[in-house]
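Enquirer: Single-letter residue listing:
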Amino acid sequence: MPTMPTATRYVVRSPAVVHETIDGDAVIINLESGTYFSAEGASAIAWQRIVGGASEADLASAIGERYEGGAAEIGAAVAQFIAQLSQDGLIRPAEPAEGTPATLPSPPPEAKATFKELSLRTFTDLQELLLLDPIHDVDEVGWPARLPSR
Amino acid sequence: MPSPNEFFVAARARFAAAAANAPDAAIDVLMAGHHVRLNFAGTAMRPLLEPVFRHLPHPGTGAAALTIDLWDARTTGVDLLPPSWGSADIGARGFVRSFCDERFTTRLEMESGALSMIDGHGGAAFQCTPDAARLPHWERAHPLSTVLGRWFRPLDLPMVHAAAIGGPGGAVLLVGRGGTGKSTCTLACVEAGLQTAGDDYLLLDAAGPTVHSLFGSATLHAEHRRRFPGLMPDAEARATADEKFVSLLSVRRPTAMIAALPLVAILAPRVVGHGPCRLRPISPAAALLALAPSTLLQLGRAGDGVLAQLAALCRRLPCHALELGADVAEIPVVVEALLGRYAGGARQAGAR
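Taken in order, these protein sequences are the chains called A and B. Per the working numbering, residue 14 is the first one in the first sequence, and the count goes up by one each step. Per the working numbering, residue 10 is the first one in the second sequence, and the count goes up by one each step.
All clues given are correct.
Residues from chain A that keep clear of chain B, each with C-beta distances beyond 10 Å, as calculated:
1. T19
2. T21
3. G77
4. D101
5. E108
6. K125
With the C-beta cut set under 8 Å, the calculated list includes, among others, these residues of chain A facing chain B:
7. I35
8. D38
9. I42
10. G47
11. S51
Because the hints were derived from the structure by calculation, they are not lab data. Even glycine gets a Cβ: it sits at the ideal position worked out from N, Cα and C.
The shape of chain A in the complex, shown without the other chains:
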């Protein structure tokens, strides 16, 4: 049975997470994990709304105004998207005192596009920049020491 979107709002986990949106496409970087992401179309809109303080329910409503799709389908996609963002360490639930609820502008006048999904492209190829050195350890004094196994 589908669940109703909740009124929970979210905030970006800054300063660990930085992001920018250019011409409707979002670029998001998790500086803690070294993973980075891109979002386009409905997913970028969803990200911007979350950043702007939208609740899960606000978000489902905003997507429904712009895209053709069933409320249950969009609601489930929104819940899954928020779960992914949380799992990737990009957002966390807002405290009551944090931020203000989003005010949603009117939907665009053009015809609605067909809703497909909400997803991020995930890139992990730079995580090695943040990994602890696999060859060296630090000795008891505090200087680097080559690990005996290598």
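Since the structure of chain A is already known, use the hints to place chain B on it.
Expert: Chain B in isolation, oriented as in the chain A frame:
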């Protein structure tokens, strides 16, 4: 346990002792118009660093904005103080967490044990290396990158992971993580007579937009050596134990190195390996995705606010993918055609 400031003061006293034991001349250079002084003690460090910065302009008289003391323990006989941290304090990329704050940045280079520390408020820094012969290729190609990145960030000159090629009339910024073909493009263009401000790291003045050079070096792997034999003679390569080779462009191609370049476009190279070399327009977000992550992940704490500057740059300049085909010789032809379109050509008298 000493505070970061106490440790810093004590370390600089060690440098004074090293300089008294084994004095060496200083080097003064202008980086992005800022006077930086490198003080040396011992006989090992200046020969390594001087060629890397040889292409930079010399300042006139006056005090340096940033002074960096460098010494090695082997030729000066002066070790650094015992560390004041434990293994749990060493974070990613060797940053010493308890000695990094708003004022100080401290990093241990794990391969060589070199310790660098900068007092961002005081315009002073040091680097102590146990043995300069142990410095890995990335430290020899881009020495003091942590110190310089931290120093220039508050001056709105973030250090970006990118290359730039062109000339005084205009240049392209080459962006992308390691392995995408930035170095191949840079080296092919240098050998074809274009100029470069750097192969890997640059200071970005987003207002220009202009990039400023730091390092007159390029990092080569075996395939680069085969393609561009003039940049790394066999004899020199045989003496290198690293898997990569440092070519001093400021020495081998002195007219190719330029202190600053105005940017007219962003190129994201991609190795295709077959067909012609060609350009394909990409979105500003795609260019940002190629430029920002490796830049920010390497800047660490110095990266605050940099993403917005990089995004503004990608919005402002035309962005293209540069698909690298079968013939490397086509790369400079395509780049020069692009520069001709956006900057009226980049080749200047004086370029090789």
